[in-house]
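Student: Quick note on the working numbering: the first sequence kicks off at 1 and runs consecutively.
Hints were generated in silico from the structure; no laboratory data involved.
Hints may contain errors.
Cross-link-like lysine-lysine pairs, in silico, PhoX-like; alpha carbons within 20 angstroms at most [as the list claims (entries may be wrong)]:
1) K766 to K642
2) K642 to K658
3) K262 to K276
4) K404 to K187
5) K224 to K262
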Amino acid sequence: MSGVWFGRTSKIAMPIDKTYQPSEVEGRISRTWEQADAFRAGRPERAGAKPYSIVIPPPNVTGSLHMGHALNNTLQDILCRFERMRGRDVLWQPGTDHAGIATQMVVERQLMERQQPGRREMGREAFLKRVWEWKAESGGTIVNQLKRLGASCDWSRERFTMDEGLSRAVLKVFVELYRAGLIYKDKRLVNWDPKLLTAISDLEVVQVETRGHLWHLRYPIEGKIFDPNDPSTFIVVATTRPETMLGDTAVAVHPDDERYEKLVGKHVTLPLVGRKIPIIADEYSDPEKGSGAVKITPAHDFNDFEVGKRHKLPQINIFSVEAKLQLKDNAEFLDGVAKSPDLDATLAMHGSDRFAARKAILARLEDKGLIEKIEPQSHVVPHGDRSNVVIEPYLTDQWYVNAKELAKPAIAAVRQGKTRFIPKNWETTYFNWMENIQPWCISRQLWWGHQIPAWYGPDGKEFVAISEAEAQSDADKHYGKKTALKRDEDVLDTWFSSALWPFSTLGWPDKTRELDRYYPTATLVTGFDIIFFWVARMMMMGLHFEKDVPFHDVYIHRLVRDASGAKMSKSKGNVVDPLGVIDEFGADALRFTLARNVAPGHDIRLGPQDVENNRNFATKLWNAARFVEFNGAARVEGFDPKTAKETLNRWIAHETAKAAAEITRSIETYDFGGAAGAAYRFVWNVYCDWYVELSKPLLTGPDGAAKDETRAMAAWALDEILKLLHPFMPFITEELWAVTAEQGPQRPQLLALSGWSRLDGLADDKAEAEIGWVIELITAIRSIRAEMSITAAIPLVLAGASAETSARATRWAEFIKRLARVSEISSAAAAPQGSVQLVVRGEVAALPLKGVIDLAVERARLAKEMQRADADIARVDAKLGNANFVARAPEEVVEEEKEKRGEALGRKTKIAEALERLKGAV
RNA sequence: GGGCGCGUAGCUCAGCGGAAGAGCACCUCCUUGACAUGGAGGGGGUCACAGGUUCGAUCCCUGUCGCGCCCACCA
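When you get a sec, could you build the whole thing from the sequences and use the hints?
Tutor: Rendered as structure tokens:
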């Protein structure tokens with residue numbers, strides 16, 4: 001058996017402190033876990049166990065723990081600890097992501113702040129060295145924070161997307177996909193970030209609703225003399241981006257648009273440039289939009305690019321990489337344009353930023369009467385998710401993955417149920433995206449990342465290989481002589497390596513034992529926001545390279561918001577730091593709050609009030625354990641709850657089994673909120689509120705078999721509670737497990753235990769009926785006491801009670817007296833005059849309060865109850881009187897209604913008698 | 001424009017075909033030997049609206065209104 005053995009050697013001081021102090025306990029418990037090495041996958045004692053694996057969504061090395069991480073990892077930890085306790089061989093694979101753009105930005109910012117030479121000044125090699133240094137210093141932060149949360153990852157297997165093994169996987173995947181024709185280089189428009197100076201993928205572009213304008217421009221028709229007052233001398237095009245007009249190479253109208261029929265085939269003279277560009281007919285042009293004629297700028301617009309290809313239009317790039325006008329020495333721009341004063345003025349704008357250029361161009365067009373009108377218009381403008389600048393469609397050479405091809409098996413796998421999403425409706429989202437997937441641009445003009453394994457010969461021919469030596473040898477063969485090669489400078493999209501995570505972390509491309517044992521993984525737990533970025537791509541890569549899905553279940557959770565439902569953001573200043581919450585309330589309270597608040601279809605709100613409440617829950621549990629300890633309720637080796645004789649003990653065993661079943665079922669179905677809620681109710685409302693209270697007379701009473709049994713049962717049920725709660729609240733449960741271990745046989749750590757509660761054969765309806773009656777009776781009496789403000793002890797008379805009830809009353813007399821503050825219990829044929837009469841499970845309990853109670857108030861109370869009984873009877877009668885109901889409803893339902901009728905009638909009779917007797921009292 | 005989700009107690013949410021639930025908040029009372037980070041009791045809801053299906057609808061279907069998210073779209 002693994003793990004540290006607790007027992008008399010434990011250093012924990014007894015007795016247990018009055019309140020639970022997470023800050024004192026958590027660090028110590030963490031260390032014992034580490035010593036026990038029980039998070040390690042593949043421990044010898046679990047060699048024969050079924051594996052269960054989860055790969056962590058690798059946080060950015062730049063990151064520090066935020067609430068999203070806290071939620072995500074709490075849920076994974078619940079699953080891992082649960083499965084570990086069920087005896088599975090659990091691998092929770094941890095690691096971090098190199099986060100290309102984010103990390104490069106962080107280090108560049110640091111250089112700037114320290115006024116050190118920038119990236120380009122220091123050069124690639126020195127800069128990368130610097131990033132690695134930064135990683136060595138700061139990269140461990142998030143891992144340590146995850147440990148504070150209690151994440152039971154196999155830390156011995158921690159990986160980094162740029163470590164040696166994973167880099168090897170990346171190389172191999174790239175080369176193999178290249179050779180299979182699934183990775184290729186292409187010159188087309190990409191989303192270009194003019195601030196970060198790199199291409200980004202479609203997914204890294206966020207569309208921002210912006211209030212802008214629609215400018216209607218007049219393009220003079222060739223061969224006519226432009227006259228602002230004569231529409232036949234020009235054609236109007238509408239645009240939101242007038243500055244791109246310098247790169248226009250056509251004007252398109254719809255083929256069926258009669259307004260422009262005669263103009264098709266003619267040319268216009270592009271203002272400010274003087275270029276003659278054709279008026280073409282293309283269905284892309286929408287007669288409903290704008291003027292119905294649209295300017296075509298193939299080098300700066302995705303749609304225009306396609307139109308340009310169809311019509312073999314030239315592509316004129318007018319921007320530099322920084323999105324400044326690049327006109328001088330721009331052969332494409334100058335090609336076929338005659339010198340003119342207008343052109344000179346345009347060339348003078350060379351180097352101006354795109355937004356400045358827009359203003360300047362509009363001013364010049366205005367001067368010339370070339371603006372027909374300006375309409376306000378709101379539209380969406382693409383922004384870079386990292387840089388937050390406007391993204392420019394830009395014509396460059398980039399590497400692409402043929403995602404359409406790779407998506408096919410990934411779609412099929414979900415259709416066939418090999419991978420299922422929880423909640424299921426995310427499958428629709430997945431299909432929608434996968435079925436319309438576009439080529440994935442994977443090259444980035446960055447330095448930090450996996451450099452693309454492509455080398456170029458002097459003629460630009462590419463050689464893709466796993467190593468430079470191999471590429472060189474291919475090149476030498478190709479050229480027939482030793483030829484100097486130049487390596488592609490770009491690196492891969494960070495998500496490229498993340499896509500391999502489920503198998504690269506297990507040692508792929510080597511055929512490792514881990515790969516064999518833990519792939520496919522069981523479950524992926526992640527946020528909906530990275531379904532496309534990550535989940536879909538892991539599906540594609542996993543299926544392609546391992547011929548199997550990377551995970552069977554994908555559990556998708558939503559966002560953590562603040563108490564008022566607002567998204568947490570630095571700018572709003574409403575970010576709740578999980579570490580701060582842990583410091584204040586403990587990791588268990590935070591975890592339990594997150595788990596309890598998870599609700600499918602809803603974001604998770606997290607307020608301090610919730611965490612505090614769950615901290616209180618931890619305290620409650622703590623004190624229950626303290627109570628058990630005070631009363632010498634030590635665990636008894638081999639105690640079998642089935643052998644319990646005391647009804648109370650049989651009842652708590654029954655309730656424990658019920659709770660265990662509910663919690664188990666809920667975790668199995670990923671209903672974390674349900675599981676945590678069931679645990680909460682069982683611990684607080686069943687064990688603490690009733691079992692502990694009802695057990696007091698037994699525990700403080702004289703020694704005897706009943707006392708011994710109750711001690712054993714109290715300890716047993718507490719143990720079960722600790723187990724059931726451990727996945728949610730690992731620290732406090734482990735601590736209490738250790739503390740209670742001091743009073744009884746030695747045992748391994750909770751975490752290492754293979755002993756999840758499977759409590760069969762403990763159901764006991766008889767015990768439930770008896771204790772249920774006791775509880776309801778006590779509750780009813782308390783209610784009357786509170787309502788009537790009675791503080792003194794009062795007698796209880798059971799009126800016309802059955803033999804069974806009388807017997808119960810005798811057995812529970814002491815408990816009822818104590819908990820309901822009853823002075824004595826007697827039986828009578830009928831309730832004494834002037835008493836309050838309570839109907840509890842069909843029996844009348846009378847409180848003789850003549851002189852104490854206000855008879856009018858009591859009459860009103862009974863009348864109200866009578867009304868309720870009448871209403872119940874009427875409702876049931878209406879149903880049973882309905883021939884259709886009796887004929888069509890299922891037999892059980894009809895039977896149930898009849899029983900309800902009987903119950904209600906019985907109740908009514910008792911209440912009527914009570915009222916009658918009350919009259920007599922007056 | 002396409003898709004998804006949500007409107008249930010003051011707030012956050014369960015329930016999803018057979019008599020409206022929890023936690024918090026609120027009100028009243030209580031320092032009794034586990035716990036005031038506590039205990040006892042209580043008030044509070046035409047389950048968004050309108051139709052339909054059904055013996056029966058908070059629950060299923062259709063529509064309307066409101067809220068949120070995702071994808072696509074710089075004429």
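Student: Work down the list of hints and note, for each, if the structure agrees.
Tutor: For each hint, the structure was consulted:
1. K766 to K642: holds, 14 angstroms
2. K642 to K658: OK: K642 and K658 at ~14 angstroms, within 20 angstroms.
3. K262 to K276: Distance ~18 angstroms between K262 and K276 Cα, so the pair holds.
4. K404 to K187: holds, 18 angstroms
5. K224 to K262: Holds. K224 to K262 sits at ~14 angstroms (cutoff 20 angstroms).
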